[in-house]
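A.B. asks: Sequence order for the protein chains is A and U.
Once you know that position 58 of the first sequence is 58 in the numbering used here, the rest is easy, because the numbers rise by one and skip nothing.
Once you know that position 14 of the second sequence is 14 in the numbering used here, the rest is easy, because the numbers rise by one and skip nothing.
Watch out, some of these pointers could steer you wrong.
Listed next, with one range per pair, are the computed distances between beta-carbon atoms [claimed, not checked]:
id, chain 1, residue 1, chain 2, residue 2, range
1, A, P39, U, T5, 18 to 28 Å
2, A, E67, U, P39, 26 to 36 Å
3, A, E17, U, N62, 26 to 36 Å
4, A, G16, U, K9, 43 to 53 Å
With a Cα cut of at most 35 Å, we get these calculated DSBU-like pairs of lysine-lysine [to be verified]:
id, chain 1, residue 1, chain 2, residue 2
5, A, K54, U, K9
6, A, K1, A, K101
7, A, K104, U, K9
8, U, K14, A, K55
9, U, K14, A, K54
10, U, K14, A, K53
11, A, K68, A, K104
12, U, K57, A, K54
13, U, K44, U, K14
14, A, K104, A, K1
15, A, K68, U, K14
16, A, K53, A, K101
17, U, K9, U, K57
18, A, K96, A, K54
19, U, K9, A, K55
20, U, K9, A, K1
21, A, K54, A, K104
22, A, K68, A, K96
23, A, K1, A, K68
24, U, K44, A, K53
25, U, K57, A, K101
26, U, K57, A, K104
I should point out that these hints are in silico values taken from the structure, not numbers from a laboratory.
Cβ coordinates follow ideal geometry from the N, Cα and C atoms, glycine included.
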Amino acid sequence: KNEVEQSPQNLTAQEGEFITINCSYSVGISALHWLQQHPGGGIVSLFMLSSGKKKHGRLIATINIQEKHSSLHITASHPRDSAVYICAVPQGGSEKLVFGKGMKLTVNP
Amino acid sequence: NAGVTQTPKFRILKIGQSMTLQCAQDMNHNYMYWYRQDPGMGLKLIYYSVGAGITDKGEVPNGYNVSRSTTEDFPLRLELAAPSQTSVYFCASLRQGLMNTEAFFGQGTRLTVV
Numbered sequence: 001k002n003e004v005e006q007s008p009q010n011l012t013a014q015e016g017e018f019i020t021i022n023c024s025y026s027v028g029i030s031a032l033h034w035l036q037q038h039p040g041g042g043i044v045s046l047f048m049l050s051s052g053k054k055k056h057g058r059l060i061a062t063i064n065i066q067e068k069h070s071s072l073h074i075t076a077s078h079p080r081d082s083a084v085y086i087c088a089v090p091q092g093g094s095e096k097l098v099f100g101k102g103m104k105l106t107v108n109p
Numbered sequence: 001n002a003g004v005t006q007t008p009k010f011r012i013l014k015i016g017q018s019m020t021l022q023c024a025q026d027m028n029h030n031y032m033y034w035y036r037q038d039p040g041m042g043l044k045l046i047y048y049s050v051g052a053g054i055t056d057k058g059e060v061p062n063g064y065n066v067s068r069s070t071t072e073d074f075p076l077r078l079e080l081a082a083p084s085q086t087s088v089y090f091c092a093s094l095r096q097g098l099m100n101t102e103a104f105f106g107q108g109t110r111l112t113v114v
């Protein structure tokens with residue numbers, strides 16, 4: 001079974017700071033998902049990546065398949081980025097996703 | 001497209017009661033999932049389905065049942081509610097693509113069993 005670890009578990013930042021959220025997994029995978037859970041509970045998909053780097057607005061996701069590690073970076077953070085960020089990986093070769101516990105980010109104005 | 005629609009948003013059940021959490025998606029996705037999220041914990045897979053007529057157990061299936069008679073609908077049934085089933089439940093579907101697999105989630109159902 002793939003174990004997914006996220007660090008840190010909580011992070012408080014000031015508006016404008018550069019933020020990095022880490023995700024490590026134990027078994028080799030084909031792709032990794034980053035998701036965002038809003039304070040109201042809704043979950044949205046941010047990225048799916050299988051190699052290298054993806055960028056969407058102020059969000060950048062990178063993955064190192066050999067090291068079994070991914071990072072999500074937020075540039076010029078804003079209070080509206082406050083949310084729980086979750087990474088997820090497939091279990092085995094299936095489409096069943098195993099989720100990390102998430103990292104709660106609070107960005108203060 | 002409405003995406004993934006989950007109902008109800010909130011529910012309080014008494015121990016031993018039963019209920020069905022509804023989930024529907026209009027994106028013609030084959031893969032659908034039910035997860036529960038307990039405070040401070042990651043999402044745990046209850047059941048999943050790879051297409052109409054096919055369902056399988058996830059990590060925490062005890063106390064739940066599912067059916068998938070159509071591609072669109074994937075209801076989750078609790079037969080004898082227990083306090084341990086107090087949780088937030090999420091339904092999800094997966095759009096599969098070679099380069100762009102994406103997960104879509106419902107808004108969640110907050111269930112309290114008293």
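A.B. asks: For each hint, tell me whether it holds in the structure or not.
C.D. replies: For each hint, the structure was consulted:
1. P39(A) <-> T5(U): 18 to 28 Å: Because 21 Å falls inside the window, the suggested range holds.
2. E67(A) <-> P39(U): 26 to 36 Å: Holds - the Cβ-Cβ distance for E67(A) and P39(U), about 31 Å, lies within 26 to 36 Å.
3. E17(A) <-> N62(U): 26 to 36 Å: 44 Å, violated
4. G16(A) <-> K9(U): 43 to 53 Å: 35 Å, violated
5. K54(A) <-> K9(U): The given pair, whose Cα atoms are some 33 Å apart, holds under the 35 Å limit.
6. K1(A) <-> K101(A): Holds - the C-alpha atoms of K101(A) and K1(A) are around 16 Å apart, at most 35 Å.
7. K104(A) <-> K9(U): Distance of about 23 Å is within 35 Å: holds.
8. K14(U) <-> K55(A): 47 Å, violated
9. K14(U) <-> K54(A): 47 Å, violated
10. K14(U) <-> K53(A): 48 Å, violated
11. K68(A) <-> K104(A): Holds: K68(A) and K104(A) sit about 22 Å apart, inside 35 Å.
12. K57(U) <-> K54(A): 33 Å, holds
13. K44(U) <-> K14(U): 23 Å, holds
14. K104(A) <-> K1(A): Holds. K104(A) to K1(A) sits at ~25 Å (cutoff 35 Å).
15. K68(A) <-> K14(U): 44 Å, violated
16. K53(A) <-> K101(A): 23 Å, holds
17. K9(U) <-> K57(U): 24 Å, holds
18. K96(A) <-> K54(A): 23 Å, holds
19. K9(U) <-> K55(A): 33 Å, holds
20. K9(U) <-> K1(A): Given pair K9(U), K1(A) holds - Cα atoms ~31 Å apart, limit 35 Å.
21. K54(A) <-> K104(A): 22 Å, holds
22. K68(A) <-> K96(A): 18 Å, holds
23. K1(A) <-> K68(A): 14 Å, holds
24. K44(U) <-> K53(A): 28 Å, holds
25. K57(U) <-> K101(A): At roughly 21 Å apart (the allowed maximum being 35 Å), K101(A) and K57(U) satisfy the hint.
26. K57(U) <-> K104(A): Given that 35 Å is the threshold and the Cα spacing comes to 29 Å, the pair holds.
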